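In order, the protein sequences belong to chains S and C.
Residue numbers for the first sequence follow full-length UniProt numbering, so the first one is 1 and each next one is one higher.
Residue numbers for the second sequence follow full-length UniProt numbering, so the first one is 1 and each next one is one higher.
Don't read these hints as lab results, they were simulated from the structure.
Predicted model only: the values in this text are computed from it and were never measured.
We put the beta carbon where it would ideally sit given N, CA and C, even for glycine.
Heads up, a few of these hints could be off.
As the list claims (entries may be wrong) - Under 8 angstroms between C-beta atoms, here's a sample of chain S residues computed to sit facing chain C:
{"no.": "1", "residue": "G220"}
{"no.": "2", "residue": "A221"}
{"no.": "3", "residue": "H230"}
{"no.": "4", "residue": "P309"}
{"no.": "5", "residue": "R310"}
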Amino acid sequence: MSKFIVRRLWQSVLVVLGVTIVVFVFTRLLPGGPARAILGPRATPAAIAAFDHANGYDRPLVAQYVVWLGHLATGNLGYSYKLNQSVAALIADRLPKTVLLVGIANLIALVVAVPLGLAQAVRRNRLTDYAVTGVAFVFYSMPLFWLSILLVIVFSIDLGALPPQAPQGDFLDVLTHPSGLVLPVLTLTLVTVALFTRYTRSSAIEALTQDYVRTARAKGASTNLVVVHHVLRNSLLPIITMIGLTIPVVVSGALVVESVFNFPGMGLLFWSAAQTQDYPILLGTTVVVGVATALGSLLADLLYAVVDPRIRSAR
Amino acid sequence: MTQNVSAAPAGLLRIEDLHTQIRSGDTTVHVVNGVDLHVDRGEVLGIVGESGSGKTLTALSVMRLLPHGGRITGGRIMLDGRDLVPLSESGLRRVRGGEIGMVFQDPMSSLNPTMAIGDQVAEAVRLHRRVSRRQAAARAVEVLDQVGMPAAARRVHDYPHQLSGGMRQRVMIAIALACEPKLLIADEPTTALDVTIQKQILGVIDRLRRELDMGVVLVTHDLGVVAGYADRVAVMYGGRIVETAATDELYGRERHPYTAALFDALPERAVNTGEPLRTIPGQPPDLSSPITGCAFAPRCVRATDRCRAEFPAVTVEAGGHAYHCFVPLEHVGAAPRAAVAEPAAGRPSDEAPVVVELVDLHKEFPVNRGVLQRRVGSVSAVAGVSLSIRAGQTFGLVGESGCGKTTIGRILAGLERPTSGRVLYHGDDLAGLRGARRKRLLRGIQFMFQDSYAAMDPRMRAGSILAEPMRVQRSEDRTARRARVEELLGQVGMARGAVRRYPHEFSGGQRQRLGLARALALRPELVVADEPVSALDVSIQAQILNLMRDLQRQTAISYVVISHDLSVVRYISDVIGVMYLGKLVEVGPAEIVYGRPAHPYTRALIDTVPVADPPRERARRNQVLGGEIASATNPPSGCRFRTRCPYAADVCASSEPPLRPLGPGLQSVACHFPLEVSPDGST
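Isolated chain S (complex conformation) (with noise of 0.2 angstroms):
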């Protein structure tokens, strides 16, 4: 098992190193390069070429990734000159308050979707299964913006319950003025609940189906037993591959809510520096998303070996 975990880290690492050498290639080969970004449209040719000198991108391609690796390696993630400030800084101030609205949003999700799915399995095809996917797909086909925009005009407009934004400094900020995370939480919540909920039921139907199970009653075990002791485990497969793919997710922030309640998070940080080719922050949200998601995928695998003995001694 441990050299199960030390093998997925190596390829873990390979990984993260293959997203740094796509995102590195791809941004130097932008027409203009990141001196024309910066320096602008009227640079004189001079201009771009001090530039360029000064900043080490007249060298060699090689030479430039290994540079910037190496800065990688030790938290530094480059320095935005638009907005004057180093990338690893805004990640920093971002970063916290993303996982804090996305990772709760999900975690609650999970929590609520997962027995709400292995209960419509069990009553499947009956009316407490109808009315919950039918509500599941309300929410599941629903804009995001346009639920965003609801739940602002019913809780924050009509009722004046809740602030219809979001708080606007640090993560203590956030965290002192939790009303403020409600709707946006809220809205995200209601969509990933609809979303986990099918792949809860659909593969706890499966489960349910399996002789296994005709095993267990046989023995005289009730449906709540039945559930609890074997189909849960046996459908939690497809939710785990599920959680590996949300951890991207809760890192890269929920660009649609974000903008609607005017979150400054990961989404809306990509999303500016998208608009003004800002290099730098395009490069290292990106790795940071990369490093997630390989993270994710670790995780997801070492979660198949804890719940799947035949997967722990494939290994």
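Based on the hints, put chain C in the right spot on chain S.
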């Protein structure tokens, strides 16, 4: 039925006029239509029938574990005088596992893959007994020990995938018996297992029946399995019991034409007679509408108008032999039928030219581990097999699962390349050839699969399925292909209209015919048939075996028939090769190998194959081959069979016995101590 229950307390389980239906969508399938049966304590009742006869659904009705949409619509299920039908779900839960234990067919899928086996047994204990977690765990070890799990105290932490099929089925039995129920229902408990393991498992069930004084309901399609272990046998057809009698009585003097037809279709009944197997014409009944009259009447040669109009009331003879038939068979003074004929000389075909010859064939599958998938070992699937297949002959390859017989078949058909050794096809070594020449040569060797349904593209029509081999090989033009497809359909006894139908629209037997037709499409010289009939009911199996034989007579084609079923191999083969753990241990003319086996393993296989002959089966009850097939990653030194062989000596571990002929006209055997073959054929 209006029987006073309190006045008839006899019988541990007594089912009266049971009706069960399964509703799905708009159709209602009448799966059980008035079953009456009873089982006493300490008694084994065998329920036999083909698929769709309602035998399994009768068993599931007792436990009320019916599939989705299933419902008991009438009748009573009395357990110790108490009717289970009106019981609530929670009342029934006390019966399930507590008073009735149940064992299912497939022990792999029937065990929870994510739960240690000890926990699965302990769960059953804790559901019915007020014991602590620790006491339940101790009880689990005790029961696993009882069912013959070696080192049970250590194995409780194992997961199902770490066990062999036989050990998994022992776990299933332990679960069923953890609370010492009064009644055990075993639904095809050994169908998924090898014959040697089947015998071990049946032995375990029978021993525990005596120890616990349980009643046992043994549901099976195999007339041989019930012969040795059942006290009484009930035969089901169309959701009813059509005949029931004491085992010896039923196997000698069956009265119902369906029972007789089942017996007649057994391959062992036709060996050496040279006659084709008797088949049952027609299709099993459609149960989606209620049946008037006898369900078997449309397929029965004796049927009269009365049979079609009303269901025959029960006739009970002295001794309790009961049947539902207006035109029963008579057995006036007739002797019980002889089950197995004496061995005779094999068909002389040694002069026929050799089509394919395997020379010192080896196949190893690598076992890889680590980041770089380093090779850490290998599974020796085939280890030095040489054999030759002659024109117009059938070579039967038998052995337990994992012996390498399927690998040889796949190598023959070019689906796999050998690690070393030669596959000589008319002098060309297929193992060394590549490219177009190999592709063209392989036309001559075709493969017929066990599960034809899985081996056919569900979105292709039968016509395209049959034409595909010709398309792939670019043989024949479009019109010639179409003509060939029609010819093939005719050869396998199917109507031309079949070309437009999809695989799911055919019955199991028809699909197997299609599979054979596809194998014949390129006019091969050799067809490799891997378990061609093991998924089929006896009556359908007989049709396919007859068809294969007829085609061989017409076209002088050769077959390699791979099967775990010795009766099938014996019926269809001219030469039998017996494999054990990658080695050919005995090969020779079918009747010699079957009649006078020289290798202890062959002997053991023959002794463990159940035959439909109760006295003989009872006499052989203790002839069990112990142990399980050894690991192919690390095979035993010397003779690979020595770990299970009753005659093994020191020399067996130190030197490997070569395959050597015993004499002219006799078999070759790889054994240091071949069984004495006396002139009268006894060993």
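Here's how the hints hold up against the structure:
1. G220: holds (4 angstroms)
2. A221: holds (6 angstroms)
3. H230: Since chain C brings a Cβ to about 5 angstroms from S:H230, closer than 8 angstroms, the hint holds.
4. P309: Because about 4 angstroms separates S:P309 from the closest Cβ in chain C, which is inside the 8 angstroms limit, the hint holds.
5. R310: holds (5 angstroms)
Figure legend: structure checked against the earlier numbered hints; every hint is met.
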